[in-house]
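**Student:** For what it's worth, our numbering labels the leading residue of the sequence shown as 2, then goes sequentially.
Hints were generated in silico from the structure; no laboratory data involved.
Any given hint might turn out to be false.
Label pairs and their in silico Cβ distance ranges [said to hold, decoys possible]:
| id | residue 1 | residue 2 | range |
| --- | --- | --- | --- |
| 1 | G398 | D607 | 52 to 60 Å |
| 2 | H242 | C553 | 25 to 33 Å |
| 3 | I277 | A169 | 31 to 39 Å |
| 4 | S382 | A299 | 39 to 47 Å |
| 5 | S382 | P96 | 33 to 41 Å |
| 6 | F56 | R30 | 19 to 27 Å |
| 7 | A253 | D397 | 41 to 49 Å |
| 8 | P29 | R239 | 50 to 58 Å |
The beta carbon of each residue, even a glycine, is placed where N, CA and C say it ideally should be.
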Amino acid sequence: MKPILAALTALLAVAASAQPADGPPLIPRVMMLWPDLPEFRPVGPEPRPVEPGLFAHDRPVFEAASPDGAWLAGTADGDFYVREAGSDTSALTVPAGDGPRWSVADAEWSPDAARIAVRRVDDAAVPRLPLLDAEGDTARWVPYARVGEPQPEHRLWVVERATGEPAAVPHGRDAVFVHPVGWSDDGARLRWIEAGRFLQWVALREVDVRTGEARTLLREDGDRRVMGIEMIHGYGDRLDHLRPAVFFDGRAQFVWASERTGARHLSLYDADGTLIRPLTDGALPGPVQRVAHVDREAGALYAVASASAERPWDHALYRVGLDGDVRRVVDGPVIEEVRPADGGALLVVRAGLPDLLQVDRVTPDGDVLATEWAADWSFASDVPRRQERLVLTAADGETPLDGLLVLPPDAEGERSVPLVEFVYGGPNTQYVPRTPQTPWLWEAYRVAQAGIAVLFVDGRGSAGRDRAFVDVSYGRLGQVEVADHRAAVEQVLARFPVLDPERVALMGHSMGGFVGFRALAEAPDVYRAAVLVAPVLDATGMRVWAEPYQGCLPADCPEVYAAGSNRALADRVKGAVFVAHGTADDDVPFAEGAGLAAALEAAGADVTFVPMPGWNHILQRSPEFWGRVMGFLGQHLRP
């Protein structure tokens with residue numbers, strides 16, 4: 002095997018651009034792979050971007066197209082407009098005036114396109130964050146709310162397309178988060194979900210827009226969060242993906258997804274919110290991840306859920322009948338999307354490692370009729386991909402954990418290969434790559450080409466499992482995550498003698514930087530160095546998404562947030578630390594990374610701080626970033 006420093010030198014040009022010899026950058030090409038079939042091609046008018054996304058690195062908000070494709074609704078300078086498809090002239094405009102700005106984020110047209118539910122957003126009380134451009138000047142100020150600070154106020158309105166007449170949706174007094182989930186079939190009733198600041202109550206409501214009469218169909222209360230980050234403003238695409246409420250108006254029934262039994266499951270209710278029957282609790286080996294397709298005519302929906310209790314992170318597609326009949330249709334291990342096909346069949350996009358990405362035509366009973374499309378990975382044939390799917394055990398000695406180890410293509414011999422754990426650890430996502438389109442998986446492949454193995458682990462406290470698993474970190478962000486990552490690394494080192502236990506580092510981005518720093522401080526006998534990218538410094542500096550996962554505000558439970566202080570652990574760090582942060586980061590402010598580096602320097606730690614002028618939260622797109630990171634790893638993981 003090549004000496005690691007020589008391999009790193011050879012890697013820098015490749016990892017920096019991630020570009021194969023025959024085309025554009027590799028990772029964008031990987032992420033853009035999608036079935037080339039008529040059923041998966043965009044239809045209707047092409048909407049324009051009209052508002053920024055939640056962050057600079059996010060997809061912008063586009064105009065909302067009506068179901069018939071005839072109309073597009075958008076915003077300009079805070080005003081709301083509707084235009085005909087194919088016309089640049091607004092058919093109507095509703096000015097914001099001196100009131101809150103209009104927004105079409107998560108907007109919902111009625112089925113007949115007669116009206117649309119949109120938002121008005123008042124962020125006047127929200128603190129502002131300065132973002133610096135590449136020259137170091139203040140480029141702009143953006144609203145930014147940390148835990149305990151004022152949040153933007155979102156309220157739903159219904160606008161009549163013909164007249165432009167707006168009408169406020171009657172929200173509950175304590176509603177902080179609001180999200181439309183659709184209209185009745187006749188377009189007369191709008192349905193939405195609203196929730197309190199800590200998500201400890203959630204209500205499914207509807208209003209008859211003809212009379213203004215509103216009612217609560219269902220309400221859930223708990224002593225901790227009832228839903229997760231998908232209900233927080235800016236994450237509406239996650240809620241839409243989940244589809245927590247599905248209505249069958251022709252049957253005067255709806256299906257609701259809830260975690261009240263300890264894991265997310267589906268139940269059937271009548272139109273007044275009276276429980277008819279549970280549908281999936283006890284019928285599936287693990288929690289429901291989402292509703293992927295609805296067949297209203299047949300009275301059934303198709304849910305993605307755990308394929309087995311032993312490996313709950315692997316998924317299958319199930320047909321769930323409103324009569325309580327549940328059938329397994331097809332295994333994933335990842336179900337990306339489901340579309341209806343001719344003859345009552347389904348087109349199912351299945352994915353899995355190392356290179357499964359294909360569309361199968363299947364019957365509702367699970368018969369695979371044909372593979373209609375499969376991804377062509379020839380453009381990435383020059384990237385060696387050697388990996389091992391792992392089942393690891395949590396620090397409690399019994400809970401199974403999902404893991405993935407990416408090995409150098411020529412790894413051999415004992416204790417010859419250093420290891421870097423790519424860590425996230427937050428409660429709002431899973432991090433272990435499960436599909437070949439995961440961008441950080443391809444970053445790991447490139448790192449492995451330099452002779453460094455990469456480990457991913459989803460420890461307790463991460464998303465996608467039952468409540469007992471996810472809520473391990475509830476009210477304790479930063480206090481409990483490290484134990485499982487340490488246990489996982491020790492198991493992998495014992496299982497793979499080729500790995501050198503004296504050369505272990507970690508790399509964490511965003512919340513992963515927060516957890517990664519704590520791992521370096523709490524497990525110095527395991528981790529020798531750390532790369533922290535746009536890291537969160539302290540729990541008190543986290544954005545408002547963290548409040549429902551802590552269950553309180555810093556002013557009301559200062560000890561909870563103080564226990565999540567990284568600054569207080571700086572003097573316990575023994576290994577070398579590389580910190581990089583963009584000056585235009587509107588997700589985790591630049592001051593967080595700078596503050597972490599300053600605390601380490603004051604404690605006498607070996608710290609390298611790299612400001613990235615003008616860069617936002619995703620530094621991995623920078624060639625300079627990868628060059629500096631690989632140089633740091635080469636220096637601190639040499640034999």
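**Student:** Using the Cβ atoms, figure out if P29 sits within 50 to 58 Å of R239.
**Tutor:** Once the Cβ atoms are compared, 22 Å apart, the range 50 to 58 Å for R239 and P29 is violated.
**Student:** Between the beta carbons of G398 and D607, is the distance compatible with 52 to 60 Å?
**Tutor:** violated (34 Å)
**Student:** Does the hinted range 33 to 41 Å hold for S382 and P96 at CB?
**Tutor:** Since the Cβ atoms of S382 and P96 sit about 56 Å apart, the hinted range of 33 to 41 Å is violated.
**Student:** For the range 19 to 27 Å, tell me whether the beta carbons of F56 and R30 fit it or not.
**Tutor:** Distance hint for F56, R30 holds at roughly 23 Å.
**Student:** Lying within 25 to 33 Å: is that true of the beta-carbon distance H242 to C553?
**Tutor:** Taking Cβ atoms as reference, H242 and C553 lie about 29 Å apart, which means the hint holds.
**Student:** With 39 to 47 Å as the target window, see if S382 and A299 comply at their CB atoms.
**Tutor:** holds (43 Å)
**Student:** Is the hinted range of 41 to 49 Å satisfied by the C-beta distance from A253 to D397?
**Tutor:** Taking Cβ atoms as reference, A253 and D397 lie about 46 Å apart, which means the hint holds.
**Student:** Between the beta carbons of I277 and A169, is the distance compatible with 31 to 39 Å?
**Tutor:** holds (33 Å)
Hint compliance for this structure: hints 1, 5 and 8 are not met, and every other hint is.
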